[in-house]
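Trainee: Chains as they are written, first to last, in my numbering: chain A, 1 to 335; chain E, 1 to 326; chain R, 1 to 327; chain B, 1 to 315.
Bear in mind the hints are in silico, worked out from the structure with no lab data behind them.
Heads up, a few of these hints could be off.
[Unchecked claim] In silico BS3-like pairs for lysine-lysine, Cα to Cα no more than 25 Å straight-line:
1. E:Lys312 <-> B:Lys190
2. E:Lys115 <-> R:Lys197
3. A:Lys106 <-> R:Lys277
4. B:Lys142 <-> R:Lys128
5. B:Lys202 <-> R:Lys128
6. E:Lys208 <-> B:Lys79
7. B:Lys79 <-> E:Lys196
8. B:Lys234 <-> B:Lys261
9. B:Lys142 <-> E:Lys312
10. R:Lys155 <-> E:Lys207
11. A:Lys181 <-> R:Lys155
12. A:Lys106 <-> R:Lys159
13. B:Lys267 <-> E:Lys312
14. E:Lys207 <-> B:Lys79
15. E:Lys157 <-> A:Lys260
16. R:Lys128 <-> E:Lys196
17. B:Lys177 <-> B:Lys190
18. A:Lys212 <-> E:Lys312
19. E:Lys157 <-> A:Lys240
20. B:Lys142 <-> E:Lys196
21. R:Lys155 <-> E:Lys312
22. A:Lys202 <-> E:Lys208
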Amino acid sequence: MKKQKFILTIVLIAIFILSVVSFVGAKENVRIAMLVKNLGNAFFEACRDGGLEAAEELGGIELIYQGPTTPTAEGQIEIIDSLIAQKVDAIVISANDVDALVPICKRAMNSGITVISFDSGIAPEGRILHLAPSSSEFIGRSQVKMLANLIDYKGEIAILSASSQATNQNTWIEWMKEELKEPAYKDMSLVAVVYGDDLSDKSYREAMGLFKSYPNLRGIISPTTVGIAATGKALEDAGKSGKIELTGLGLPSEMKQYIKNGTCRQMSLWNPIDLGYSSTYIAYKLVQGEFQGKEGEVMKVGRMGEIKIGPDNEAVMGEPYIFEKDNIDKFAEIY
Amino acid sequence: MKDLFRKREFNLFIFILFIIFGVSWRTPSFLYINNFVDILNDTAILSMVAIGQLMIIVTGGIDLSVGSSLALSGMSAALLNQYHPGIPIFMIILISIAIGLLLGSVNGLLVSQAKIPPIITTLGTMSIYRGLVFVLCGGTWVSAHEMTEVFRMFPRKSFLGISSLVYVSILIVILFLIFLNLTRTGREIYGVGGNKVASQYVGINLKKIQYIVFTLCGGITGLAGFLWVARYAAAQSETAIGFELQTIAACVIGGVSITGGSGTIIGVVLGAFFMGIVYNALTMINVSPFWQMAIQGFIIIFAIIINTVMDKRNQQLMLRKRSFNE
Amino acid sequence: MNKENSVLDLKKIRKISLLNIIWQWEIILLFIFIIVIIINSNLSPYFLDYTNLMNTTFNFIEKAIIALPMIFVIICGDIDISVASIIALSSVFMGMASQAGVNTLGLVAIGLFSGTTAGFLNGFIITKFGIPAIAVTLGSMSLFRGIAYVILGDKAFTKYPASFAFFGQEYIGNTMIPFELVLFFILAIIFGTILHKTTFGRKVFAIGNNSTAAHFSGIPVNRIRLIIFAVTGLCSGLASILLTSRIGSTRPNIAYGWELEIITTVVLGGVAITGGKGNIFGVIISIFIIGFLIMNIVVGLLLILAIMLPELLKRLKPKNSFGNVKK
Amino acid sequence: MNNCIIKMKGIKKYFYGVKALDGVDFKVRTGEVQALIGENGAGKSTLVKILTGVYQPTAGSIILNDKPVQFPSPQVSQKAGISAIHQEATMFPDLSVMENIFMGHHIRNKSNGLLSWKEMKNKTQILLDKLELDIHPDTKVKNLSIAQRHMVEIAKALSLDAKVVIMDEPTSALTLKEVEYLYKIIRKLKSEGKAIIFISHKFEEVFEIADYFTVLRDGKYIGEGKIADITVDKIVQMVIGRSLEQMYPKLEAEQGDIILKVENFTKIGVFKNISFDLHKGEILGFFGLVGAGRSEVMQTIFVWLGTVGRKPLRR
């Protein structure tokens, strides 16, 4: 007994010493941390690829890709704290909560870190600028237009969102409701907004619930990549393909199946690679002092061309791309 | 017949009927056959895994890793299908069961051989298995078009209007009804949970039983992993997060004693069905999504209290009856 | 029976040697803690920076504050998985009050009160109906967070008085020691004293070892359990104040999934999940170990390996010629 | 002596180097009741645990039907026809009487290997009838009285077709009436040719029911013999090593003032109108059948005293 304990003690001390010896020196690169809503999300994996592209193009960038395992603000705060401790040069963040991250991001900026948000924003006081893939108003309104075209401006529609706390989805939904007030949509009514929490099983069951609760449902908008795929599957399983139209924001690679078989005839999304590329690019230029991040400034962002910083220091990249049967194959290869 | 009324399961059954009646009074379409088929589909996976959980809880343990091992075996099945579409479906099913058995037996070994309390073991493997999902898929998803038609459609194939998903779960229910009620090992599971010392006196191998229940639960979870991924046609790293609590809730509602020793499969299946019905009903009568969680929580507590109170009352009745006999 | 006891005592006496002191649970934990620190400082040369070290504590002190009463809960043989939901509930109530213009002091009172009430409700149902704690708190976990969703829906409370930010964001004087950290250590001393130096603490251990025997020894078992659950609620309310103050806003999904992290911390700290055994020092070290890691595969492995060590040692020991003594 | 079924010779058992049993000899005969006598801690339970395979002896041999045997586990011992009714609760409270009887040796259908509940139920009914017990086989054990539980354990021993039945202080929690009933059953078992080991430290019981005796003291074998050939005093001397007068010298006690007065004490549904006085220097006995409410009264008084002025807490 004694002997074994002794051996184990020695082993532990050896681990101890090894861990001291394996000291890794600091690097000279500009270190940019891309902090996403959660790991294991295909959308953000594509953003990372874009970020890596920018890093390669500009050179001298070390891109740190990080995110909590579940999409929570607390998880992101924890990571930002460790990023501050690591003294990274910039943080590019897609926020899980518009307000909760403000205090920690302020602290990050106070310790000299450049903080910008992309995709899903932080309140203005918590970042230098926000890079929106497209204007929230445009996204919200265009989603409704797209669905209206599919159902001839008639019938009941519903929205299947991510979590009820998702900042960007909530803003888009506000704009969708705004658009629906236009006279053109007088024959359309929004009967329900449900939340699938970005989990396939919950989204699937919520979609099934919609079919049952609203037998006259004509269309569903799902402005989230998990939700739209799960709804597609639910439509297919319930035999409602074609009877209920589906549109929203989805990744081509995820939605290929449902676009091909007509379950979802049209959907849109911006290019997450471009989004990751631009935000990394802008973060680097801000760190180097080549961009100022002031309202009204026009930034030249590599292959993306010019992006202008609008009110509230929000920059808008462009319009989302619309995917249909004809072009889905091409894009499913990319993201 | 009188005995029937004294069973916990019966209370729950009445409670379910009560809810069905209440809801269909407001929304008659709740009573449609189609709706019940859907509820069956929704509760199939939950009931299966809850049966695995039941066996572990009956021995006095708990398994918090079912959600993670479900995700891991499901992800493995999906990746296998994606990269080797030629592998026949039954092989994939067998492989995912095997992976589940493996994950379960790791839990079982840690509990029975290393004597780590089940809650700690599975708390640990919960993080480990979930971590392995990330490692396995590298953060990407396997989505519908990357799966073969056979793979995706397996749970939907239906016969007499009922999907194979439901048939599989019925098969599991029957298999384990036989296992738990008609084999010695099955009864020994109850013995271990009822009284560890006594079970040693009658020669039950505690370690063997602990190992068996964790492994079997793993096997069921592995099968459920495949069904889950195939049914939702998506394998993600977040698959079945928080599922362990649902299975435990199904057991608790189904009258399984959380301290071990008692609990029946019928009770657990009813418990799972109960949860499915509540969820379905809340959606059907258009309860705001923000109210659903609170109502579910309230109903769980209510059901547990009713269950406990009724059980105590029944026991008192039995005692009184006994004293008359004496 | 007497003989076996005296034998065990003999064994204990023989145990005192340097190696055996090293193999005390707390020492092992301390060792793991040092390894974590070293690995971290290798990963980032800035890790050992005083300010950073202090700032990192913000992320786990709220959990740590709940871990303290959780020690009592688990030693009693119970468990409370509704604590994270109590945080959400208290935070929502504070948000409502703040919206109505209640000042900082009032918010603190509301946070503590709503937390205590929720904890008391748990304890009441558990003791009144004699239902296992895991079953009740499983339900109240959904109920409490559900109520938060009902009140808040998809909105958020963001307007808190400026002075409210003190609790979760400020430091003591200009020492760079967070207020939260100081508060935690004060509470740790209080809880440690109660657990190890008062009759109340001994009663808690008695309940965890054998609640029937405790009951027959005149210990008001159910009242003590009720108090412990209420205090757990109180501390969850306190944690809610700190967290709400730190992030300056409230959403119903706040502190989601914290319950398992808190329980893991307590268990890694050497508190027996079956009740009746544990001490506060182990838990404090374990709080800092897990705090400086992020809950992931490493923590899972750590948990299992650490708990496995004693059994592993027993395994290595050659079987003595007297055969196996079964209990 | 040819009806001797078990012989244990020179049994030694050490726990961590401390002797619990030191060279004990023990014989059991078919159709007879063999009493095992000794004070608490004399080693009776240890000996029984060795015989039932729970413990392994450090030294010594067990001879069953003239053949040396070893009992490495309880099952082996059980298979050899030895069955014990342990002092501690060794039942499964949440399972039925039937299942408690058959746990560990459930009856299986020969054709398909699955359990045959029907047969088990029949057998249980037969066993219960034999023991004149009016319990339904499906009753959960947690709803039985202590005496009934003992009977179920005996039924279990019978179901195993045990040749040797060990009863470890079976009377300690029974009322007089129940003890009488137990004796009846024991005599019945005896007449069927079972060997019974009866462990007790109550001498009157031993003289009432046993045929042979073996005395242990401090883990040592002291002696054995026929009950018919010995007097109470002699046995007592063997057990405690001194005479009875030395052990319990008679002292006169002063009866003093009343220190506890209980009047019309009632707990609804459990007991009612309990009144008694307790004086200083007095031993007050409470008499009644199991279930009469003796313990309940005491427990309630105890809790009540601890929480004077408040409603006693119910568990």
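Trainee: Against this structure, judge whether each hint is valid.
Mentor: Structure-based check of all given hints:
Restraint check for E:Lys312 and B:Lys190: not satisfied, since their Cα atoms lie roughly 41 Å apart, outside the 25 Å limit. At roughly 31 Å between alpha-carbon atoms, E:Lys115 and R:Lys197 are farther apart than 25 Å, so this suggested pair is violated. Proximity of A:Lys106 to R:Lys277 is assessed by CA-CA distance (about 43 Å); at most 25 Å being required, the pair is judged violated. Taking the CA atoms of B:Lys142 and R:Lys128, the gap is about 21 Å. The hint holds against a cut of 25 Å.
With a CA separation close to 42 Å, the supplied pair B:Lys202 and R:Lys128 exceeds the 25 Å bound. A distance of roughly 20 Å separates the Cα atoms of E:Lys208 and B:Lys79; the hinted pair therefore holds under the 25 Å criterion. A distance of roughly 21 Å separates the Cα atoms of B:Lys79 and E:Lys196; the hinted pair therefore holds under the 25 Å criterion. As the CA atoms of B:Lys234 and B:Lys261 are separated by approximately 43 Å, the hinted pair breaks the 25 Å bound.
In summary, the hint linking B:Lys142 to E:Lys312 is supported, as the alpha carbons are separated by about 12 Å, within the 25 Å threshold. Proximity of R:Lys155 to E:Lys207 is assessed by CA-CA distance (about 51 Å); at most 25 Å being required, the pair is judged violated. For the suggested pair A:Lys181 and R:Lys155, the alpha carbons sit about 22 Å apart, so the restraint of at most 25 Å is met. Of the supplied pair hints, the one linking A:Lys106 and R:Lys159 holds, its CA atoms being roughly 17 Å apart against a limit of 25 Å.
Proposed proximity of B:Lys267 and E:Lys312 is supported: the alpha carbons are some 18 Å apart, at most 25 Å. In summary, the hint linking E:Lys207 to B:Lys79 is supported, as the alpha carbons are separated by about 21 Å, within the 25 Å threshold. This hinted pair checks out: E:Lys157 and A:Lys260 have alpha carbons roughly 21 Å apart, not beyond 25 Å. For the proposed pair R:Lys128 and E:Lys196, the alpha carbon gap of about 28 Å is over 25 Å, so the pair is violated.
A distance of roughly 20 Å separates the Cα atoms of B:Lys177 and B:Lys190; the hinted pair therefore holds under the 25 Å criterion. Distance hint between A:Lys212 and E:Lys312 is unfulfilled; the C-alpha atoms sit about 40 Å from each other, more than 25 Å. Restraint check for E:Lys157 and A:Lys240: satisfied, since their Cα atoms lie roughly 17 Å apart, inside the 25 Å limit. For the hint linking B:Lys142 to E:Lys196, the alpha-carbon distance of about 16 Å falls within 25 Å, and the restraint holds.
For the suggested pair R:Lys155 and E:Lys312, the alpha carbons sit about 44 Å apart, so the restraint of at most 25 Å is broken. Proposed proximity of A:Lys202 and E:Lys208 is contradicted: the alpha carbons are some 37 Å apart, above 25 Å.
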